[in-house]
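With chain A's structure known, arrange chain B on it following the hints.
In order, the protein sequences belong to chains A and B.
Read in order, the letters of the first sequence correspond to residues 198 to 570 in this note's numbering.
Read in order, the letters of the second sequence correspond to residues 198 to 570 in this note's numbering.
These are computed hints drawn from the structure, not numbers from a lab.
Any given hint could turn out to be false.
The list cannot tell twin chains apart, which means a pair is met if one copy fits it or any two copies do.
[As the list claims (entries may be wrong)] The calculated DMTMM-like cross-link candidates involving lysine to aspartate or glutamate, where the alpha carbons are at most 25 Å apart (straight line), are:
(1) Lys344 - Asp361
(2) Lys276 - Asp370
(3) Lys416 - Asp426
(4) Lys344 - Glu558
(5) Lys447 - Glu538
(6) Lys393 - Asp370
(7) Lys344 - Asp253
(8) Lys416 - Asp505
(9) Lys276 - Asp457
(10) Lys344 - Asp559
Number of protein chains: 2
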Amino acid sequence: MVSIETTQDVQDMARGAVLLGTGGGGDPYVGELFVREQIRNGRVPRVVAPEALDDDAFVLSIAGIGAPTVIVEQLVSEKTLLRLLARAEAFYGRRVDALISAEIGGANSVFPLALSAISGVPVVDADGIGRAVPQLEMTTFSIYGVKATPCLLMDDAGNIVTVDAVNDRTAEDLCRSIVTAMGSMAFSAIYPMTGKQVRECAVLGTLSQALGIGQAIRKGRDEDGNPFDRLLAYLNGHDGRVARILFDGKVCDVVHETRDGWHWGLVTLQDLRNDSDRFTIEIRNEFIIARHNGAPATMVPDLISVLDRESAEPLTAEMLTYGQRVKVLGFSADPMLRRPESLEVLGPRLFGLDCDFVPLEDLAPAPELALAD
Amino acid sequence: MVSIETTQDVQDMARGAVLLGTGGGGDPYVGELFVREQIRNGRVPRVVAPEALDDDAFVLSIAGIGAPTVIVEQLVSEKTLLRLLARAEAFYGRRVDALISAEIGGANSVFPLALSAISGVPVVDADGIGRAVPQLEMTTFSIYGVKATPCLLMDDAGNIVTVDAVNDRTAEDLCRSIVTAMGSMAFSAIYPMTGKQVRECAVLGTLSQALGIGQAIRKGRDEDGNPFDRLLAYLNGHDGRVARILFDGKVCDVVHETRDGWHWGLVTLQDLRNDSDRFTIEIRNEFIIARHNGAPATMVPDLISVLDRESAEPLTAEMLTYGQRVKVLGFSADPMLRRPESLEVLGPRLFGLDCDFVPLEDLAPAPELALAD
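The following block holds chain A by itself, in its conformation from the complex:
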């Protein structure tokens, strides 16, 4: 079983979580600092395998909800996390047997670990999407039968709101409004489920995967002097999934806009030696579509990640600025996300794109630029 017991493990896992965040999900850095501090004080998070859960174990997601720009600045409060757990147990009328990440991509990878470290409740090696998604109804939990509500929202001031919505689309609207009134960041106890439901509705092994990604990048960097080879070897070695470098170049234009509560944006890259070779990435909280000279190269729910060209450090969308040298990675989504029932809820059209999903491996492969250097 995977363990996240050292500060190095936490750093590696968080690095992998940024890659899986596909530009969004919020930077896990503040939560990572909290967990590293706990480990230094001897309070180590526990991780359990999905198969170790009893069928009727009570499993709950602990997730930050809000604006990534606020999540990245708000320190994690031990008091709030413990109070949330206590209030959630009173609200659901059950002891929580395990925690689970709602989405492994970004900040919500670390919050369950943070609560685990201070409470002793273990975290399941799984999550609700295998990447980051912007809305509650887009998780595999929701798609495959676990409702987000009844859920509980709490802010650091001590305000507590519970939501019992008729469906997860409505839950999303209600929670979003509440969190905005709470100052654009709150913690939620959400997606109550059983151990059996974890095995049916979660994307399994994603905490291990985030750790593995982070380790591959670090070890490739330290031992090989080329983090990309080891990263690609790691990603291509699992479950028939495909990873490829889509483009290698520099950021020549970035447009960011906050509209209707979303982070919209467009990033344009150009080849380092050929100005007219262009690559664009559209942002809608996450990276939703990458195009090489206009032709789609990867689209949601497949993952698009932007990595520093030398260190392979994954970058969130809000970190991108003019002049950065980066490589763009395409990574096929977990098979659960590519099924028709998933694509109905998180396919390209749900993000405002006028196209149906085409898997990364069926799109025209980008030139193997990664190998050219």
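Same frame as chain A, but now just chain B:
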């Protein structure tokens, strides 16, 4: 004890509630229709006196929260009201002994009567402000020691949200956001209190007062041919409170604007025979200040009501249009609202006015135009 047992009683009470709404609070018409229909079917609301409540009786407000423009269009659902009561009793873990209006001014005067008619739970002859106010923390409940939360919000679709806020100002922000996400209208079970607290924190006898106002207008109209004399006699005959006609004229300009979730507006009247004699009323959901040729004539928390010049039918702010012939009534607020602790929460400055409260009776009296015709 007052009773509201006939459709005529309901109509009279609702007419009085519009006057006490001081331009806001939402038109009670839709709720009034519901209660009249219940009475025709033999389901009569029950009213109890505050002094009849046991000290530890459990009393709850049932209030519509939302945009007056939506409240006035949304039919009252028997199913929603009964479900709200059932869920509230489960949530608080107590049987509800009596209902109470959160504000007698406007639509929230009738919703407790509507639920009383279909559930048999009586309504206390009292409310939380004696007029209408735009925010949860501005009620006498809140000012004198009853918290708005924990409260429960429900929409007709069946979504249920509970709020437990650190204070009523925050509760207001949270509830407002939730209601907006619910489609700008929801029912709340709110301000849980004891019978003893009703007697300490409520404005007493206001259901009787609304009924008395409505009856005075109707009887004056039908029996005297002049509804204003009987209305003024009724209003001036209670508790040392003062009512006077501030202006008699026609609406020559109306500006409405929805800004920051508020209904802002300015109504300008002119004398029927003297164009240069001007009277203005500022709207911020309710009428907040009336000025005669620039000099304050009545200000919040004292009541300003606009009545049809012939029938004395009270008009809500959104009903006002160019050319209407109206009389403007000033009515001193209940003494509870004029105490320093109340003025700190609902004095003129809280509505953005740059002045301290001056009681209606200390302001320069308007010419006795009412008597001139």
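Against the structure, the hints:
{"no.": "1", "hint": "Lys344 - Asp361", "in the structure": "both (10 Å within a copy, 23 Å between copies)"}
{"no.": "2", "hint": "Lys276 - Asp370", "in the structure": "between (27 Å within a copy, 24 Å between copies)"}
{"no.": "3", "hint": "Lys416 - Asp426", "in the structure": "within (11 Å within a copy, 91 Å between copies)"}
{"no.": "4", "hint": "Lys344 - Glu558", "in the structure": "neither (32 Å within a copy, 59 Å between copies)"}
{"no.": "5", "hint": "Lys447 - Glu538", "in the structure": "neither (37 Å within a copy, 62 Å between copies)"}
{"no.": "6", "hint": "Lys393 - Asp370", "in the structure": "neither (28 Å within a copy, 39 Å between copies)"}
{"no.": "7", "hint": "Lys344 - Asp253", "in the structure": "within (16 Å within a copy, 39 Å between copies)"}
{"no.": "8", "hint": "Lys416 - Asp505", "in the structure": "within (16 Å within a copy, 82 Å between copies)"}
{"no.": "9", "hint": "Lys276 - Asp457", "in the structure": "neither (32 Å within a copy, 34 Å between copies)"}
{"no.": "10", "hint": "Lys344 - Asp559", "in the structure": "neither (33 Å within a copy, 60 Å between copies)"}
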